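Chains B and C: place on chain A using the hints.
Chains as they are written, first to last, in our numbering: chain A, 256 to 531; chain B, 103 to 451; chain C, 85 to 764.
It is possible that part of the hints are untrue.
When the alpha-carbon atoms are kept at most 20 Å apart in a straight line, the in silico SDA-like pairs for lysine to any residue are as follows [unchecked claim]: (1) B:K200 with C:F504; (2) C:K616 with B:T138; (3) B:K407 with C:M615.
Derived by calculation from the structure, the hints in this document are not laboratory data. Just so we're clear, the structure is a prediction, and the values are computed from it rather than from any experiment.
These are the residues of each chain, in order.
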Amino acid sequence: MEIEIRTVIQPKPEGAVVSAPEPAAQLAKIETENLCVYYGRVKALDDISIHIPDRRVIALIGPSGCGKSTFLRSLNRMNDLIDSARVSGRVLLDGQDIYAPRVDVHDLRKRVGMVFQRANPFPMSIFDNVAYGPRIHGERHRNRLEEIVERSLTQAALWDEVKDSLKRSAFNLSGGQQQRLCIARCLAVGPEVLLMDEPCSALDPNATYRIEELMNELKEQYCIVIVTHNMQQAARVSSLTGFFLKGELIEFGDTSRLFTSPSDQRTEDYIRGRFG
Amino acid sequence: MITRMIKRQWITGAICAISSAIVMLTGGAVRSQAQTITGAGSTFAFPAIAKWTPIYKHLHGININYQPIGSGAGISQYKAGTVDFGATDAPLSNSEMKRMPGPTLHIPIVAGAEVLSYNLPGVGAGLRLTGPIIADIFLGKIKSWNDPRIRKLNPYMKLPNLSIQVMHRSDASGTTFIFTHYLSAVSPAWARQVGAGKSVSWPVGQGGPGNPGVTNLIRHAPGGIGYIELAYALQNHLPYGPIENRSGNFVLPTTANNQAALSTGVARMEKDIRSLVVNAPGINSYPIVGYSYALIAEYPKNKVKARETVNFLRWAVSEGQHYAAELKYVPMAPAVVHLALENLNKVKD
Amino acid sequence: MSSLANEELSGTNTKALRTHGRGELGDAIFRSLTMAFAGISVLLIVWIGLQMYHSSALSWARFGIHFLASTAWNAPQHDYGALTFIYGTIVSSALALLIAVPIGIGAAIFLAEIAPGWISAPFSFLIELLAAVPSVIFGLWGFMVLCPWLNGPVADWIIAHFGSIPIFAGPAYLTNMLAAGVVLGLMVLPFVTAVSRDVIRAVPRSQGEAAYGLGATRWETIHSVVLRYGRSGIVGAIILGLGRAVGETMAVAMVVGNNTNISTSLFAPGYTMPSLLANQFNEAFDRPLQRSALLEIALILFIITLVVNILARLLLWMVSRNMNETGLSAGYHVSRFQRISSLADDLVRQACLPLLACGYVFWLFLGFQRSGINSLTNPIIWIVPVIAGWIGWQNLLRSTRLWGRWRRIKNILTLAICAFLTFVSVAVLLIIFGYVVIQGAHAITPTFFTQAQKSPDDPTGGVLNGILGTVVLVIIASVIGLPIGILGGIYLAEYGRGRIKAFVRFAADVLNGIPSVVIGTFVYAIMVLPMKRFSALSGGVALAIMLIPTVMRTTEELLKLVPDSLREGSLGLGASQSRTVIRVVLPAARAGIITGIMLAIARIAGETAPLLFTAFGNDVASTKLLHPISSMTMLIYHYSMSPYNIWITQAWGSALVLLLMVFLVSLAARLVTRNQIRMV
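With the rest of the complex left out, here is chain A (with noise of 0.2 Å):
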């Protein structure tokens, strides 16, 4: 599963560094230099360079294919999973390059967690779902267990409703208590990031309503990164956005200004609506 071309940093002469507005602030939690993903011969992600800052909810948004999610999946390593799929640039997590050489790509995915666009629970109990992780991870403690998945369930919303029927199987759950009940899994293992891949999508207003008030509470605690197609969604929960097209990152900054008066013209042309 190494990759290997991924030391390669090509020189970018004309792309200064997007970043965000306030770069003094705080340190980045996720950092990416030059990072370009290829599956195979074709180029999904060309020179991407940005710095995501932690305690915010990031939203990324464009067109269907403009390399998002392949952005997003690159934050974690879900790449590696397709064989076609080679990375160069470097992805900086704390300062950390996380595709160097020895990096325990299952410990980044336990800081990185990842919720994906279809609520995918397992075939399990709600208690087994959220205990999942941690037991993958190490932990057999029945009491630590139990004292995971009320903390992850709580800070997930779903306690109340779901704390007299933990042993039932999660399929019984709605779509919006089985999204919920991902994210209480991702939780769970004690993540520093979550990368939400439109994790509203299959949700009716409703259910969506209480994922944005989640990521609301959430954003507290972790660095929120939210690939989504619903700009009214971008415009709602998240302070910074960016805008990809053709597996570039146009533009990128503090989310009320772009949705505003964006700098770039293609940023304006797909937010009016005028493609995509």
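Just chains B and C now, with coordinates in the frame of chain A:
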């Protein structure tokens, strides 16, 4: 347009397949004009019949399709009317005779001896055995080749400490019928516990299909022993030894010894052709001998087939005996041949 | 469709629409035809069931339920019971699963989740080829190669080390239960592998991603998520495999030992239900009670087939439901199944482990009594401490920082085991194939193909009677079976609706699962007895009955692959439905259907058991419809069970010819259809 072409391909394809099938089936029938007689049953007689069929085809142009499926199946299929003749080494009992669809004739076609062949690495031919010891081996009471009782009989043989693998038939068999009748005659324990029949409830052992199957099992299993027709042992160079007869002599299944045994039964056979001759008296008599019979209907439905069958059997009991003797079958006594021909003449064809 | 609009439009002054057109009548006829042919599979099932039930009445009246509990099988005493054979069938099948399930699932994991495409594709193909090897060739190889090996070094070693355990007690016999179990295991293996692989592949990606996203290793993901998700499907595959093991006839009859006594030791001979049928059915006609008892055993086999199929279909159906509806509504089924299985887990943990521990201690004690301190030099004795140590080691590591590294090591280790298991199953195929090629090559002489059987000491004999016989039998089976199968398949894919369709499909599946030996007894009863002769025709009918369900299901599956847009295009031009099916849909699926048919034919060409009671065999190269006829497979069986070297060589030679044929067909099918059809 394209679909029509494809359709045409389908149709031509189908026509080709069907016509070739018809050509195969009918043309084949035209090619193999020769009459075929189907027989089935005894594997005891099979080497002889296998020897006869090409010769008979050569002499008379008649195909004999003989399937060695065991005497029990031979009787069954004869009764079901699916074969032109059945072959069995176990003559029909009275009740079996009654259950047949019509009067059935027994035609003795070969006489032969059964030997106890074994597979003992490092031990040659000539292992001496007595009736009671054979019975106890097949009862599972004697389990090892260096059992004191066997050692005592064979003091000069180096018998290995090997467990005995008993081989028997998995089908209903006339060979079994003769063998179990012999065991019942020499061992009260066997008669009580198991008894005699075409298929018995074997206390121990492994079953193989037909004489060939048992021979094959013996060949492959170190420590194996089984009862097979002499021809099989000779054809496959399997060792066997002398067996104690009723007079207390250890005798080998030589043609003379077998004839001596069989001759004691001729008088009884003249009364009832189905008589058994196991454990015959006489100082030279080999104790496990018997006949293989062809079963044919006295009032056959298919006269043409019946005529050919009778012709074949007539040849088998007369000239055929000479060829069978090459495989160490025992040439049948003139009186028995006479009986067989007499019975063949009864067929209303 | 046109008649519906008729009423409203006929009043207007536009051109009147024709009522009932020619096409419609043709449609109705065609539809009824497909329906009738599809109904044949249902009819056959009912008929076979009734036939068995009817014919076993005598035995049922005589022995009643006691038949199932009696170990007697004594022809002279007219006393029959099925327990010995039921026991033998259970033990050999259980052994088979014990071998096939771990290897099969390991290989399936490797092929579906780990191996890159360029390894996975050819290996999958090789393992599926193993499924195409005819039963009688497994028997030949099992008797000639496996039995002597098991009876020799393997038995010596096992008896020396485990002899105190009753199931491994000596002495070892040449043919025995263990050999039957191993052969069956090898025969079931490709089936378990192929179906499990498909199930694992069908597990949604999102499941795996969820686990990886939490930091699970590949093994942890496969073990606790993928396998768990596909569990009911895999269990379904195992049950179907069990169905095959239970009904397998020839290979078992050749190696199991055919002794009617129950013995606890696996090294002792035994008997199974199908092998009893194969051995005794032909001879039981004149003994009504024995025949009836045999047919009651056939009935038991038939019922087992029914139950196994119902269970397996139910489980596989649950999986497909899961996958279609993204697990939302299927939650109930899953959770119920899960509750049962978690109960089973608890049972295993809480009851079996202590029991095993007690057993181990007892065994230690026995060993100690026998050979004192020397018993500790036996390496086997250390297995349990090693396992206990392993668990303890894991628990120790869990709390340390080495846990992560340990997980990675375990990951690599288990994945390597899966890869190893895959290589094992491929190696088995290569070994069997190698033996057949090396031994069979000696037999290939000019006369081998041009001469019929001759006496066993005549080296100029050949197997022409077998080759011709197989060709004739296959032609008869195709002429009868293909129209029925294809039209039945068209019904299932194009016309069938709702419950009737589901029922027809289920009937086809059951028919497919009925042991071939049972079909042989059925055809004997309906054709051989009334006609008073064994014949190529009845052999062909028996094979046709086996061909129908396979062809039906293949045709259905391949027609379903044809996109609806094609049908709509044709219907939109005004073509009738039957015309659309014949002219458009069938041609579109033609290549696939033809290869599916080839595979089905290759499979029936390898059948032996039903032919023993129908085609019967013939020493003469005959092609006549109404005469007995031989086949390659029957020749292999008779020759390999004979003691004559020439015949045995010819058995290997015939096996080689048969294998080459089957392999070539499979290879061609693989190239043409690219995975549309599974060969298993």
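Taking the hints in turn, this is what the structure says about them:
Distance restraint check for B:K200 and C:F504: the Cα-Cα separation of roughly 64 Å exceeds the 20 Å cut-off, and the hinted pair is therefore not satisfied. Proposed proximity of C:K616 and B:T138 is supported: the alpha carbons are some 16 Å apart, at most 20 Å. Straight-line distance between C-alpha atoms of B:K407 and C:M615 comes to about 16 Å, which keeps the hinted pair within the 20 Å bound.
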